[in-house]
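Protein chains: 4
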Amino acid sequence: MDLGLTDRVQNLVAQVRSMVDTEIAPLDEEYHAEVGKHPSGDRFQLTDRQLDILAELKGKAKERGLWNFWLTDSDKGHGLSTVEYAYLAEEMGKVHLAAEIFNCSAPDTGNMEVLERYGEAWMKERWLTRLLDGEIRSAYVMTEPGVASSDAAQLAFEARKDGDDWVLNGEKYWISGAGDPRCALYILMACTAPDAAKHSRHTMFVMDADTSGIEVLRPMHVFGQDDAPHGHMHLRFTDVRVPSKNIVLGEGRGFEVAQGRLGPGRIHHCMRSIGLAEKALELLCKRGLHREAFGKPLVELGANYDIIANARMEIEQARLLCLKAAWMMDTQGTRAAQPWISQVKVVAPLMSLKVVDEAMQLFGGTGISQDTPLWRMWTHLRTLRFADGPDAVHRRQVARAELRKYTNQ
Amino acid sequence: MDLGLTDRVQNLVAQVRSMVDTEIAPLDEEYHAEVGKHPSGDRFQLTDRQLDILAELKGKAKERGLWNFWLTDSDKGHGLSTVEYAYLAEEMGKVHLAAEIFNCSAPDTGNMEVLERYGEAWMKERWLTRLLDGEIRSAYVMTEPGVASSDAAQLAFEARKDGDDWVLNGEKYWISGAGDPRCALYILMACTAPDAAKHSRHTMFVMDADTSGIEVLRPMHVFGQDDAPHGHMHLRFTDVRVPSKNIVLGEGRGFEVAQGRLGPGRIHHCMRSIGLAEKALELLCKRGLHREAFGKPLVELGANYDIIANARMEIEQARLLCLKAAWMMDTQGTRAAQPWISQVKVVAPLMSLKVVDEAMQLFGGTGISQDTPLWRMWTHLRTLRFADGPDAVHRRQVARAELRKYTNQ
Amino acid sequence: MDLGLTDRVQNLVAQVRSMVDTEIAPLDEEYHAEVGKHPSGDRFQLTDRQLDILAELKGKAKERGLWNFWLTDSDKGHGLSTVEYAYLAEEMGKVHLAAEIFNCSAPDTGNMEVLERYGEAWMKERWLTRLLDGEIRSAYVMTEPGVASSDAAQLAFEARKDGDDWVLNGEKYWISGAGDPRCALYILMACTAPDAAKHSRHTMFVMDADTSGIEVLRPMHVFGQDDAPHGHMHLRFTDVRVPSKNIVLGEGRGFEVAQGRLGPGRIHHCMRSIGLAEKALELLCKRGLHREAFGKPLVELGANYDIIANARMEIEQARLLCLKAAWMMDTQGTRAAQPWISQVKVVAPLMSLKVVDEAMQLFGGTGISQDTPLWRMWTHLRTLRFADGPDAVHRRQVARAELRKYTNQ
Amino acid sequence: MDLGLTDRVQNLVAQVRSMVDTEIAPLDEEYHAEVGKHPSGDRFQLTDRQLDILAELKGKAKERGLWNFWLTDSDKGHGLSTVEYAYLAEEMGKVHLAAEIFNCSAPDTGNMEVLERYGEAWMKERWLTRLLDGEIRSAYVMTEPGVASSDAAQLAFEARKDGDDWVLNGEKYWISGAGDPRCALYILMACTAPDAAKHSRHTMFVMDADTSGIEVLRPMHVFGQDDAPHGHMHLRFTDVRVPSKNIVLGEGRGFEVAQGRLGPGRIHHCMRSIGLAEKALELLCKRGLHREAFGKPLVELGANYDIIANARMEIEQARLLCLKAAWMMDTQGTRAAQPWISQVKVVAPLMSLKVVDEAMQLFGGTGISQDTPLWRMWTHLRTLRFADGPDAVHRRQVARAELRKYTNQ
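Protein sequence lines correspond, in order, to chains A, B, C and D.
For the first sequence, the residue numbers in the UniProt record's numbering are 1 to 409.
For the second sequence, the residue numbers in the UniProt record's numbering are 1 to 409.
For the third sequence, the residue numbers in the UniProt record's numbering are 1 to 409.
For the fourth sequence, the residue numbers in the UniProt record's numbering are 1 to 409.
Don't read these hints as lab results, they were simulated from the structure.
Treat each hint with caution, since some may be false.
Put simply, identical chains are the same to the list, so a pair is met inside one copy or across any two.
Heads up, simulated DSS-like pairs for lysine-lysine below, C-alpha to C-alpha not over 27 Å straight-line [as the list claims (entries may be wrong)]:
{"id": "1", "residue 1": "K124", "residue 2": "K62"}
{"id": "2", "residue 1": "K161", "residue 2": "K37"}
{"id": "3", "residue 1": "K58", "residue 2": "K161"}
{"id": "4", "residue 1": "K354", "residue 2": "K62"}
{"id": "5", "residue 1": "K198", "residue 2": "K354"}
{"id": "6", "residue 1": "K405", "residue 2": "K161"}
{"id": "7", "residue 1": "K296", "residue 2": "K198"}
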């Protein structure tokens with residue numbers, strides 16, 4: 001169980017870290033400051049400066065071969081293992097824009113995997129190539145208002161067959177990335193057989209994002225932020241027609257696609273969240289060493305030594321758990337790795353939230369203000385406790401796996 | 001130690017609760033939706049509709065005598081005790097706009113207390129009457145960039161004597177309420193004797209908010225929100241002249257005024273935060289009863305029963321602690337009540353944050369979106385863990401009080 | 001809601017505290033050191049010295065009128081309210097032997113309540129008088145091996161009618177106090193109608209402890225201790241005959257008696273556990289002030305200030321919750337007070353365990369050794385998390401009470 | 001960073017696990033039941049049956065080559081790495097007697113390391129061979145009453161030079177294993193130069209346990225248990241003479257020896273505690289599946305799924321952290337591994353205590369009684385939070401290591 005940095009990845013990590021620190025971080029703030037400055041006033045249009053920043057940074061990354069790392073176990077990318085990718089994802093997690101620059105950002109990576117693994121040739125040609133090149137972006141269209149996402153079998157958005165087409169009607173929301181004007185592809189789960197067995201009711205469709213009949217009702221807000229231009233959109237589909245050939249894998253096999261998609265995605269989120277926690281702990285330590293009260297640096301006051309020690313211990317443990325889950329995926333497949341993926345999906349965001357919260361507390365008011373990135377880290381991490389399954393569902397999975405050891409005997 | 005609802009307050013609580021539920025809550029959302037709709041585009045200008053809403057609601061409250069409850073132990077208001085006020089504050093905490101409607105909102109209450117307790121006649125005439133009538137608002141100008149607020153003796157904003165005037169120079173930030181165009185009064189702490197003994201360095205000034213030389217640099221953001229039109233402003237003072245008579249209580253007595261001001265304010269914050277927690281628990285229970293997954297209402301899944309029970313147990317305890325701190329203030333004065341005030345200042349916001357966080361988690365994505373008030377509750381409560389002293393400083397106070405039992409013997 | 005020390009109780013508290021500190025505590029250690037020194041070698045026989053200590057101390061208490069405080073709302077004792085008794089119980093909790101000295105110890109208090117409330121005249125005459133006088137002791141015989149006590153309806157110990165007698169067969173264990181040779185009375189719950197409705201299956205019997213056919217199988221150990229001479233015995237009943245007149249309240253009404261018995265008992269346990277927590281915090285503070293490491297008193301190292309502050313905050317809250325539960329019992333009866341009793345039954349032992357654990361940690365090895373009373377406090381408190389219902393069952397009660405607010409509407 | 005089971009260890013783990021389960025566990029209970037049955041009545045004498053059990057089991061282990069695994073990186077034992085040993089230690093942790101059977105128990109392993117690494121030839125001949133053969137046992141004599149062990153520089157037990165001898169005077173306590181009549185060797189730290197620099201004051205001596213002038217004052221109790229016949233003895237040294245040649249490594253180098261000794265020992269304790277946690281979780285799951293209340297198995301009630309999942313997640317993480325610390329020791333030495341050793345020294349006992357506590361709670365009264373091994377696990381684990389440095393000291397070490405990243409730059 002080698003969980004370490006291999007030589008080839010050590011080198012890539014160094015390059016990525018350096019590019020994140022010296023080239024991406026300085027432009028990240030400018031990129032976000034541009035939001036809302038499009039002449040149209042539309043926060044979901046990218047300004048010329050935003051497009052330039054993206055083009056410049058992505059160009060550099062591609063040129064240096066720092067691109068599509070997430071394509072694990074594949075002949076297309078670096079052929080990295082998930083363990084190897086973990087170390088890179090951690091670095092990319094430290095700055096908001098970084099993952100996209102290396103073409104490693106959600107939801108594109110998951111969507112590319114769907115196309116790569118289950119897509120037909122024409123789908124790959126139409127969308128996968130451009131996604132791999134970072135030319136377009138994509139969205140994954142699953143969550144519905146009015147349905148507890150933890151129990152996906154309840155999803156009710158309807159697709160009815162009509163000749164060789166399917167006609168889609170209903171609402172979907174929290175569609176991350178659907179705000180971005182570059183988003184060209186939707187991968188959408190619809191209920192095609194409401195009376196079928198629980199896991200055969202749904203079908204996965206691919207379609208152009210500008211298919212007629214799709215309307216953006218509003219951006220969903222995350223702690224008051226619209227996350228423009230990426231966005232988490234609330235969409236309404238009215239009689240949207242999609243040809244049958246746009247079905248992925250086959251009618252009624254939506255769950256199978258969804259499951260295959262989620263494993264790696266969950267790991268990637270966790271890896272990045274560990275990077276965030278490291279960043280937050282670094283900020284905390286530096287602030288604590290340089291800020292004084294009562295004649296002492298803050299680190300020497302109150303329980304700050306314990307806070308720092310606890311943070312370090314929890315980060316180390318979460319990272320190791322994440323690496324083990326990645327190693328399980330690499331060596332035994334997503335299905336066997338499931339209990340470990342669930343474990344780390346609970347552990348990593350909770351841990352990161354705690355570390356960021358402690359950093360905010362040590363910074364005082366500054367820690368929740370625009371003067372540090374901590375608040376944005378926190379709100380982003382908070383969404384991870386529901387995204388791809390709430391904690392409660394993952395804990396349930398872990399407990400069941402544990403109990404099976406004694407009931408299957 | 002009577003911590004219960006007295007008869008007269010039971011009646012007032014019923015009136016306040018009813019007005020909050022049926023009259024204020026419905027307009028609260030509309031009020032906030034108006035932010036940014038002023039013709040000037042300035043988020044810190046109130047729209048006509050906002051002014052109407054305030055006038056209408058405040059008018060009703062005043063007419064019904066639901067006004068200035070916070071004036072405890074005074075012949076001006078209802079003559080309530082702090083314990084009695086606690087029950088009212090809890091109700092007012094449940095909806096954002098409510099406290100202002102009853103003229104019980106921070107920082108005005110604290111500022112009015114300063115004027116009432118330490119102010120000279122001309123100060124009362126100029127500002128206190130209008131504040132008590134709810135005609136103007138005010139700000140408390142203390143926090144400085146670059147100084148750990150936990151150690152207020154470090155505050156360095158400078159006031160130098162020049163003839164009969166004082167000349168103020170420096171920056172202050174997180175000045176809550178200073179964004180509101182109705183804010184007419186600043187109560188400001190400045191360093192007048194940097195070389196004096198630790199608690200004699202500072203002096204408290206009162207002044208008109210539009211005194212020449214004061215510039216708003218920017219609003220401080222709380223988790224990305226500017227909290228307009230109230231705002232938490234970053235101000236720069238350049239050669240601002242204030243006459244000597246504007247000093248409160250006396251030169252070098254700033255700390256004394258600040259201490260007197262803070263006790264009740266901290267209690268009020270805690271009381272309102274308990275109201276928020278009650279509101280969040282109510283939302284959690286209702287959602288958990290009506291939303292289903294895996295064929296059961298959410299409350300019957302996972303650890304939700306325990307989550308609900310723990311929330312109830314922590315709310316009950318925090319409320320009782322708050323009431324005891326209030327009772328200590330009522331019967332033994334702010335100074336003797338200090339350790340209890342510190343206790344509840346730590347306990348109540350932490351408890352409320354936990355309850356709101358659990359509610360967000362049960363709601364899933366909806367819980368952090370604009371579709372519930374939970375996110376706003378959370379970000380507001382998060383600020384209370386620094387405001388009026390960070391947790392660490394209050395824990396230190398509590399520990400010292402405890403140890404004194406054994407060292408003073 | 002007066003939760004304070006009334007004048008009359010203030011006086012009693014002072015007397016009890018003084019007697020505990022100066023008269024009981026010094027003999028408590030000697031009493032426990034005598035265990036196992038009976039000439040027979042039997043740890044469950046009291047030595048002459050033990051009997052002397054008890055006689056001397058109980059005599060003094062009785063003479064001073066410090067006796068049977070727990071008889072709340074009664075014309076026999078002091079006529080104290082439960083709130084008033086709470087303050088006394090806290091003091092008695094601080095030293096192991098204290099509660100018995102004032103004739104306020106479990107399980108006698110609960111058993112006396114059963115007799116007082118539901119017993120017939122002959123029962124009172126035969127047992128109650130002597131219990132009230134502290135001449136005999138008693139046991140409450142409910143728990144069974146093989147049955148989860150949390151669901152008392154499962155209790156299966158059998159009583160069959162045979163003529164005018166009932167014949168009892170089965171095992172009972174964790175029968176606290178049944179080791180004591182002075183234990184003269186058993187109050188026992190048996191299943192008399194296994195097919196009846198859930199809460200009508202059981203009947204409560206009273207009987208002499210030396211009734212023929214009862215055998216002590218072994219003492220149950222608590223963390224390796226037999227708690228001699230009190231003991232928690234495992235008993236076997238073989239064809240034990242009890243006359244019908246020994247039934248309390250009526251056939252099939254065992255649950256009713258048990259419920260009536262448990263409310264006050266739970267509160268008393270909690271009150272005493274708060275006394276233990278206070279004692280542990282006192283030990284912690286004194287040790288921390290006087291022991292040094294790295295040139296500083298321990299309190300100034302690590303997170304000790306926070307540990308002390310948190311302990312104080314949790315003790316205060318738990319005490320207030322306990323007082324509120326007591327007040328609910330006093331003013332609205334045991335049934336209405338149930339959710340509060342459940343709350344404090346969860347809160348107080350958990351809190352006390354935490355405080356004692358922190359004290360042990362600060363003391364290092366000494367904290368778990370015979371050189372401090374902390375280990376015995378901890379093991380005793382640990383049993384309270386199951387005794388009279390495990391935490392999980394009480395949390396469930398609290399959650400249900402909460403949800404009823406929304407489902408009964 | 002290979003943290004996995006290597007092939008050779010996989011095989012050893014299987015053998016050890018099988019021997020623990022089928023041969024040691026059944027005799028472990030009998031061995032402990034024998035305590036106190038020596039004809040002399042002395043609990044610190046081994047009975048014939050105890051000696052037989054040890055001889056039989058140790059004989060089998062030795063014969064099968066399951067012996068002295070802890071000799072990592074050595075040509076004498078299996079030449080295992082610390083990572084490899086970790087997996088074996090985990091198995092040995094599950095049953096109390098197991099570690100001794102494989103000659104892998106504390107404090108012998110640490111003492112053997114001292115002799116192996118720092119001992120002179122005559123010391124090895126006299127003691128090491130017999131220790132490696134499991135013929136004798138040993139004690140490590142460091143802790144003193146009256147001194148906070150966390151700051152070892154304070155240790156004051158005196159050794160004065162007198163001719164070619166040193167004369168030792170003072171008390172030592174918590175000397176684990178010194179109760180065992182087979183204990184033949186003491187490794188003792190004494191203060192030889194009270195005025196020297198902090199880390200040069202102490203010297204390490206080796207001596208026969210029966211050296212004249214050593215008196216056992218009493219066994220220290222752990223939660224009321226004397227842990228006979230192993231014991232944690234309180235010793236008094238009166239004019240005990242030890243020749244100069246008995247000094248290890250050199251005068252004033254006691255700290256160096258102590259530091260070298262502690263690293264691996266701490267890891268071993270943690271490894272075994274993880275085994276205990278696994279055992280406790282197994283007991284919890286089995287009980288929860290087979291015991292019913294309210295018509296359901298306990299696992300389906302309350303928060304038990306979450307409790308199980310949390311236990312699994314924390315065990316996994318602690319194990320990985322332990323393995324990483326072991327790997328650091330293997331690849332970079334004890335000194336470089338120090339922060340990781342400190343981390344796991346805090347994490348593993350806390351985690352194990354939590355899991356055992358949850359298991360006790362689910363078992364109810366049975367969980368703290370003699371009918372399950374849980375209480376003994378708990379009290380044993382509780383000592384680990386002070387042994388070899390209290391949590392607070394290790395957290396301090398971890399925090400300092402973290403802060404050095406920013407202050408050394």
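Here's how the hints hold up against the structure:
no. : hint         : in the structure
1   : K124 to K62  : within (20 Å within a copy, 63 Å between copies)
2   : K161 to K37  : neither (43 Å within a copy, 46 Å between copies)
3   : K58 to K161  : neither (41 Å within a copy, 58 Å between copies)
4   : K354 to K62  : neither (35 Å within a copy, 44 Å between copies)
5   : K198 to K354 : neither (37 Å within a copy, 35 Å between copies)
6   : K405 to K161 : neither (44 Å within a copy, 46 Å between copies)
7   : K296 to K198 : between (62 Å within a copy, 16 Å between copies)
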